[in-house]
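Student: Dock chains S and E against the given chain P, drawing on the hints supplied.
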Amino acid sequence: MDLAFFFVFSAIALICAINVVLQRHPISSALSLVGVMGSLAVLYLQLGGEFIAMAQIIVYAGAVMVLFIFVIMLLNAGAESRSGKASWTAPLLGIPALLAFLGFTVYYFLRGFNNAGVVKFGGYTGGSAAGVGISLFTDYLLPFEVTSVLILIAIVGAIVLARKEMD
Amino acid sequence: MPEAMQVLQSGVPVSWYLILSAVLFTLGVAGFLLRRSVITVFMCIELMLNAVNLSFVAFSNQHKDVSGNIFTFFVMVVAAAEAAVGLAIILTVFKNRQTLNIDEINTLKN
Amino acid sequence: MQNLWLIPAFPFLGFLLNGLFGRKFPKAVINLIAVASVLASFGWVLKVWSSGGDLAANPIHEHYFTWMQSGQFNVGWDFAVDKLTMIMLFVVTGIGSLIHFYATGYMAHEEGYYRFFAYLNLFMFFMLNLVLGGNYLILFVGWEGVGLCSYLLVGFYIVKKSATTAGNKAFIVNRIGDFGFSLAMFLIVVNFKTLDFTQVFSAAPGAPTSTLTAIALLLLVGATGKSAQIPLYVWLPDAMEGPTPVSALIHAATMVTAGVYMCTRSAVIFLHAPIAMETVAVIGLATAVFAATIGLTQYDIKKVYAYSTVSQLGYMFLGVGVGAFSAGIWHLVTHAFFKALLFLGAGSVIHACHGEQDMRHMGGLWKYAKGTGATLICASLAISGFPFTAGYFSKDAILGAAYAHEPWMYWVGVVTAGMTAFYVWRAFWMTFTGEYKGHGHPHESPWSMLGPLVVLAILSLGGGFFFNVPKILDNMFPIKEGAEDMTLTYISVAFGLGGIALSYYMYVVNTKVPERITAGLGGLYTLVYNKYFVDEIYDTAVVRPLVDGSTTVLWHVADQGIIDGAVNGVGTEARGIGGILKLLQGGNIRSYATWVVVGAVVLLVVMGVTAMGFAAVGQ
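Protein chains in written order, with numbering that gives the first Met the number 0: chain P, 0 to 166; chain S, 0 to 109; chain E, 0 to 618.
FYI, nobody ran anything at the bench for these hints, they're computed from the structure.
Bear in mind that the values here come from a model prediction, so they are computed numbers and not experimental data.
Take the hints with a grain of salt, since some may be wrong.
[Said to hold, decoys possible] Straight-line alpha carbon distances no greater than 30 Å define the calculated DSS-like cross-link-like pairs of lysine-lysine that follow:
{"hint": "1", "chain 1": "E", "residue 1": "511", "chain 2": "E", "residue 2": "366"}
{"hint": "2", "chain 1": "E", "residue 1": "26", "chain 2": "E", "residue 2": "159"}
{"hint": "3", "chain 1": "E", "residue 1": "530", "chain 2": "E", "residue 2": "436"}
{"hint": "4", "chain 1": "S", "residue 1": "94", "chain 2": "P", "residue 2": "119"}
{"hint": "5", "chain 1": "S", "residue 1": "94", "chain 2": "P", "residue 2": "163"}
{"hint": "6", "chain 1": "E", "residue 1": "26", "chain 2": "E", "residue 2": "369"}
[As the list claims (entries may be wrong)] To give an idea of the interface, some chain S residues facing chain E are shown, with a C-beta separation under 10 Å as derived from the structure:
{"hint": "7", "residue": "28"}
{"hint": "8", "residue": "32"}
{"hint": "9", "residue": "33"}
{"hint": "10", "residue": "35"}
{"hint": "11", "residue": "37"}
{"hint": "12", "residue": "40"}
{"hint": "13", "residue": "73"}
{"hint": "14", "residue": "74"}
{"hint": "15", "residue": "94"}
{"hint": "16", "residue": "102"}
{"hint": "17", "residue": "104"}
{"hint": "18", "residue": "105"}
{"hint": "19", "residue": "106"}
{"hint": "20", "residue": "107"}
Cβ coordinates follow ideal geometry from the N, Cα and C atoms, glycine included.
Just chain P, with the same shape it has in the complex (with noise of 0.2 Å):
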């Protein structure tokens, strides 16, 4: 059964973000995002990362994109044209990188993985909101407190930024 969940959410994860790369309106971009974090969600829930599933589900696609399909209308973000002055480095530099980067990579990952074991749903617990819990609170309390002033500090930024004078 988790080979067959496997390849269908993969694949749902492939095409939406093949679709994010391709379409031309950010509308239909977004969408496909949200696409993609659902099908890893499930890939999450598969992986014994139960409480990640879940925060994806909520904090990523429910409350990031929606975010971005706020400012998407609120910009009234139109197709994408065709017109101005495209670079040509990132095309002819970029894709080639990018090639190379995957294919070193797949290869490593083929050669080096081999034995590293076999994942099946419910294979590991530790992900669990209670697992999750005990680890944050007391191995990384620190960066937990800091990531609070970290949200703090983007809400403080994202309102002086975005606000209309007051005249």
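Tutor: Relative to chain P, chains S and E alone:
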């Protein structure tokens, strides 16, 4: 049939998750380099972050250590903060330049 | 411990006081400091002489501190006094005091009064170092120092371009000689591992003749520069641009004799290098004749005496070259007397004529300046070798030794003596007899100037008896300079008297003769009058190529082209590279991102390959 069932009953090798993560990441970078709208570029960044999250959780499963999940948690927090601030910046840039074309935001040069 | 260091210390103190504070002192104080310091030096010399004991048997050596120590090579600041040094000390400090005193009168109306006396004291300091030095290095310090002071004093009238140029010429030509001297010192160090006189001279007889010849010839090069012999004499006539006391002190009595002193001091080296000795004699004789011929034609009174100095120095070198060292030193001493007197007298004459130096505008001064005239008569008699004057003894000693060496040298020397008498008396007749052809009213000089003239006149007449140098320096040099053949003496005296008579005829009795001779000789006269165009020859052959070569090759090619080009080129290249790198910063975000991706991929691949390499090794 029993082989198919047996195949279906066996698990997924960890390396496949990692390969998926690599492919998603590559797609994210490709989109970043090729797209012209600022918001789409931003979304590709989110795609890259998600790919990395996947590889973290896969490693967490492989080593049976919860630290991978913890790190994913932090990545998500940071991604959320970054998305907020980044979009605010895009709003400001749009207000000043009236364009969402990334090639036209190029005065920081020479 | 005779405290020899006091001898140069007094003038040095005078230099410091006058140099640093002289601007604020009144003239009387400057005079006092300057003259008193030299007199104090002279007094100390007297004290050392009287209490020093028998210097022939026990020369005085004083070692003050070690200057350089390098392995086996050790040079200290040593002073040494033997009979030769003592003679030189007397000459330098004695005549120096007289001239300092004279200068207080002569320079009374000049600008930069304190500067003049400061430099003069500095010169005394260096000259005394030169003479007192116990090794070649101290001698060289003094050698260079007097060259420096010569430059400073010749170019004393800093507002006159000709004066400063002459100062440059003096210094530069001297430096060429100094180069030879330095090479000689290097050879000495290489061969004898020391520069100390006693050690070098005891080791010299054992060294190979070729080495000694090389050393001696290089020392000679230095001497020709300092003592104005062929080929480096050209600076001395130009040095007459300096004030007359300077010409008297430096370019007659003391500095130019340093070369003779140095050769005499190095007698041991020269005696074992016969070729070098022969060269010295020939150069000396040639210079004597050469300069005498030029002196026949000059009209500037100081130039006549300048060429006379070059000629007389040639005599001294002739004496040294034929082995008559003490005769050469004797002539050095007597020459100091009468040449200083001639120059100081010329200064007095110039002073009387209100700064005029051309003899064609003088004449008939006997009416106005009898005192100066009388002293000049004494000097002219001495230089002509009039019997029983100082010059008579020393010159005949040299000529006698020359005859013993090679008769033809004697004959050339005798003819030159005749020419010497002729031009000196020509100067006298032209200046003191006939009608005054200048402007204004000539007047006699004050006693501050006449006093030294009188003293020197007495010395010129009687100095031969008082300072019988060969007797003093007896046993110092191998060659016994004994009784001369009186016939030779009679012949040379005859030539001298003939010169006097001829000049009397041509310039007093029948004054049309000089013009007729000049017109008759035509081109030859022009050649001699223009000093055989030697300066012009040097200019085209040496100076111009050097200057032009430096300008084109060293300045334009090497300095501007290569060095500036390299330095500026580095800058330009950096700018060029920067210009190329600037293109990376196009402002386009996507290109930036591409570069980041490329870099990251490269890093990752490298890390991965190395990790896999380790993994492969591990497996």
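Student: None of the hints should be skipped; say for each whether it holds.
Tutor: Here is what the structure says about each hint:
Between residue 511(E) and residue 366(E) the CA atoms are separated by roughly 23 Å; this keeps the pair inside 30 Å, and the hint holds. With a C-alpha separation of about 24 Å, the suggested pairing of residue 26(E) with residue 159(E) holds against the 30 Å cut-off. Between residue 530(E) and residue 436(E) the CA atoms are separated by roughly 26 Å; this keeps the pair inside 30 Å, and the hint holds. Simply put, residue 94(S) and residue 119(P) have alpha-carbon atoms about 50 Å apart, too far for the 30 Å limit, and the pair is violated.
As the CA atoms of residue 94(S) and residue 163(P) are separated by approximately 10 Å, the hinted pair is consistent with the 30 Å bound. This hinted pair checks out: residue 26(E) and residue 369(E) have alpha carbons roughly 29 Å apart, not beyond 30 Å. Nearest Cβ of chain E to the Cβ of residue 28(S): about 6 Å, under the 10 Å cut. The hint holds. Nearest Cβ of chain E to the Cβ of residue 32(S): about 6 Å, under the 10 Å cut. The hint holds.
Below 10 Å, beta-carbon pairs count as interface contacts, and residue 33(S) has one with chain E at about 8 Å; its hint therefore holds. Interface hint at residue 35(S): satisfied, since its Cβ lies 9 Å from the closest Cβ of chain E, which is below the 10 Å cut-off. The interface hint given for residue 37(S) is met, as the beta carbon of that residue sits about 9 Å from the closest beta carbon of chain E, less than 10 Å. Taking 10 Å as the C-beta cut-off, the interface hint given for residue 40(S) holds, the closest approach to chain E being about 8 Å.
Because the closest C-beta pair between residue 73(S) and chain E is about 21 Å apart, greater than 10 Å, the hint is violated. Interface hint at residue 74(S): violated, since its Cβ lies 18 Å from the closest Cβ of chain E, which is beyond the 10 Å cut-off. Interface hint status for residue 94(S): violated, as the beta-carbon distance to the closest one in chain E is roughly 18 Å, over 10 Å. Using the Cβ-Cβ criterion of 10 Å, the hint placing residue 102(S) at the interface with chain E is satisfied: the shortest such distance is roughly 6 Å.
Of the supplied interface hints, the one on residue 104(S) holds, with its beta-carbon coming within about 7 Å of a beta-carbon of chain E, less than 10 Å. Below 10 Å, beta-carbon pairs count as interface contacts, and residue 105(S) has one with chain E at about 3 Å; its hint therefore holds. The criterion of a C-beta within 10 Å of any C-beta in chain E is met by residue 106(S), whose closest approach is roughly 6 Å, and the hint holds. The interface hint given for residue 107(S) holds, since its Cβ lies 6 Å from the closest Cβ of chain E, which is under the 10 Å cut-off.
Violated hints for the displayed structure, listed by number in ascending order: 4, 13, 14 and 15.
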